[in-house]
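**Student:** All chains, please: the whole structure from these sequences, using the hints.
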Amino acid sequence: MNELLDPLLLARWQFGLTTIYHFLFVPITIGMATTVAIFQTAWVRTDKVVYLQLTRFFGTLFLINFAMGVVTGIVQEFQFGMNWSEYSRFVGDVFGAPLALEGLLAFFLEATFIGLWIFGWDKLPRRLHLATIWIVAAGTVLSAYFIIAANAFMQNPVGYAINEAKGRAELVDIWELLTNPVALAAFPHTIFACFMVTAGLIISAAAWHLARGQHRESMRPALRLGLWMMVIAAALTTFFGDQLSLSMVATQPMKMAAAEATFNTVCGADASFSVFTLGTPDGYTELFSIRIPYLLSLLSTHSLDGCVEGIIDLQGQYESLYGPGDYTPIIWITYWSFRWMIGLGLAHAAIAAVGLWLTRGGREPRLFRIPPRLIWGVAIWSFPLSLGAMIVGWIFTEMGRQPWLVFGLLPTESGVSPNVSGLEVLISLVAFTLVYGTLAVVEFRLIVRAIQKGPATPSVDEQTGRAEPATTVY
Numbered sequence: 004m005n006e007l008l009d010p011l012l013l014a015r016w017q018f019g020l021t022t023i024y025h026f027l028f029v030p031i032t033i034g035m036a037t038t039v040a041i042f043q044t045a046w047v048r049t050d051k052v053v054y055l056q057l058t059r060f061f062g063t064l065f066l067i068n069f070a071m072g073v074v075t076g077i078v079q080e081f082q083f084g085m086n087w088s089e090y091s092r093f094v095g096d097v098f099g100a101p102l103a104l105e106g107l108l109a110f111f112l113e114a115t116f117i118g119l120w121i122f123g124w125d126k127l128p129r130r131l132h133l134a135t136i137w138i139v140a141a142g143t144v145l146s147a148y149f150i151i152a153a154n155a156f157m158q159n160p161v162g163y164a165i166n167e168a169k170g171r172a173e174l175v176d177i178w179e180l181l182t183n184p185v186a187l188a189a190f191p192h193t194i195f196a197c198f199m200v201t202a203g204l205i206i207s208a209a210a211w212h213l214a215r216g217q218h219r220e221s222m223r224p225a226l227r228l229g230l231w232m233m234v235i236a237a238a239l240t241t242f243f244g245d246q247l248s249l250s251m252v253a254t255q256p257m258k259m260a261a262a263e264a265t266f267n268t269v270c271g272a273d274a275s276f277s278v279f280t281l282g283t284p285d286g287y288t289e290l291f292s293i294r295i296p297y298l299l300s301l302l303s304t305h306s307l308d309g310c311v312e313g314i315i316d317l318q319g320q321y322e323s324l325y326g327p328g329d330y331t332p333i334i335w336i337t338y339w340s341f342r343w344m345i346g347l348g349l350a351h352a353a354i355a356a357v358g359l360w361l362t363r364g365g366r367e368p369r370l371f372r373i374p375p376r377l378i379w380g381v382a383i384w385s386f387p388l389s390l391g392a393m394i395v396g397w398i399f400t401e402m403g404r405q406p407w408l409v410f411g412l413l414p415t416e417s418g419v420s421p422n423v424s425g426l427e428v429l430i431s432l433v434a435f436t437l438v439y440g441t442l443a444v445v446e447f448r449l450i451v452r453a454i455q456k457g458p459a460t461p462s463v464d465e466q467t468g469r470a471e472p473a474t475t476v477y
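Our numbering numbers the first residue of the sequence shown as 4 and each following residue consecutively.
Honestly, the hints are just simulated from the structure, not real lab data. Cβ atoms here follow ideal geometry from the backbone N, Cα and C, with glycine treated the same way. Keep in mind that a hint or two might mislead.
Claimed, not checked - What follows is a set of in silico ranges between Cβ atoms, one per label pair, in the way DEER data are often shown:
no., residue 1, residue 2, range
1, Gly365, Asp245, 32 to 40 Å
2, Trp124, Glu179, 26 to 34 Å
3, Val47, Cys270, 37 to 45 Å
4, Asp273, Ala353, 13 to 21 Å
5, Ala353, Leu442, 42 to 50 Å
6, Gly271, Phe81, 45 to 53 Å
7, Arg372, Phe242, 33 to 41 Å
8, Asp50, Ile336, 29 to 37 Å
9, Phe81, Gly365, 30 to 38 Å
10, Val144, Gly365, 29 to 37 Å
11, Pro387, Leu359, 14 to 22 Å
12, Arg92, Ile177, 18 to 26 Å
**Tutor:** Written out as structure tokens, the structure is:
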């Protein structure tokens, strides 16, 4: 019973569950804001009504998702003071700086200009109104950078000094904090992954209508945009993911060792990448694996004869640096989350590449003797693949850092609030779970209803040549 009411365990579960739930909305918000801005730009430049339809249609999805993201994101801030007060006390001066910039600068841009975009359709000049959605899109990306910079400090602490008298870390160089090598590597990888998730939603929504022969004049260009976005974003996500892996090896070699379940230091051909591995329950003995020679060395060092440090050697190094303790993350979670991240992302990209080929030149999708409805079904139901890849990617990033809250500075067990009981955390965990479960149902129904409704048919003002929506959907 005492283990079930362990404040540390429950606080970790609560933060993990609420953050994963909030993270469902973040990538769609980032990618969809830019997508809507692209469609509106096309409408302003060409005056084609179809682009106005797509702007309003995907704008509705964007707003639903944005609102839900704001609601669920508020809880994240409260948790630092509620369950992780020692963490907040120790690194709040450093960690709070990029969060403050995110709230005062980036979120201010989003909140202000999204209001102007919503209510300015028939009140602002067309190009000025277009500028508002581009500012919103820029705000979402800027917001993401500040959050990633804050997280990068936890992975690779820089720009700080320890105040021995106060027993805490204090910010000494904001520029070093914001240009953390981990942040610079993680930012483009994350942003393009967000576009993969957004592309998945566009593909699913367009395929749903096309499978029923509805709104072909608008949904077909949306489908093609989504397919191209998925393929291009996947390629860029992979490229910058490679850069991130180099940064990870340099700053957190234990995470890479755990991702590959490499217990002994290996070099060259021995530094192989295991596609699939079965081992003993303790994880220290390999029973069966499928491996690609040299690939781990190539990924970790960009060299065929490079060496990758193993868990056992790194454990010894960390004990000499930080004292006795277990500095190994949970191997099976780190190992499999890394592979699921790659596998799910590549699977969705492959589906999009096949979709581009099948729909080229205005063709209807045909593949061997597979019924078209099954092909459309794959397009519709593949959306969770890239979203799942992002979620397990976040799990890999955070679980691979354990047992540290701030790598090399603050162990996770030292950051929990000392005066919060396990029962109090459990009550809040159950409450948040129930509330978030309700919000999930509401979000799902709103998104599905908006997609099934389809784009509205606008009327055209003959005098100005400006197409205005027949009904307001916001």
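**Student:** With reference to the structure, classify each hint as holding or not holding.
**Tutor:** To see whether the hints hold, each was checked on the structure:
1. Gly365 x Asp245: 32 to 40 Å: Given about 36 Å between the Cβ atoms, the range holds.
2. Trp124 x Glu179: 26 to 34 Å: For Trp124 and Glu179 the Cβ distance comes to about 43 Å; the hint is violated.
3. Val47 x Cys270: 37 to 45 Å: violated (57 Å)
4. Asp273 x Ala353: 13 to 21 Å: violated (30 Å)
5. Ala353 x Leu442: 42 to 50 Å: violated (33 Å)
6. Gly271 x Phe81: 45 to 53 Å: Cβ of Gly271 to Cβ of Phe81: about 50 Å, so the range 45 to 53 Å holds.
7. Arg372 x Phe242: 33 to 41 Å: holds (37 Å)
8. Asp50 x Ile336: 29 to 37 Å: violated (53 Å)
9. Phe81 x Gly365: 30 to 38 Å: Taking Cβ atoms as reference, Phe81 and Gly365 lie about 52 Å apart, which means the hint is violated.
10. Val144 x Gly365: 29 to 37 Å: Between Val144 and Gly365, where Cβ atoms are some 34 Å apart, the hint holds.
11. Pro387 x Leu359: 14 to 22 Å: Because 20 Å falls inside the window, the suggested range holds.
12. Arg92 x Ile177: 18 to 26 Å: holds (20 Å)
Violated hints, in rising order: 2, 3, 4, 5, 8 and 9; the structure is consistent with all others.
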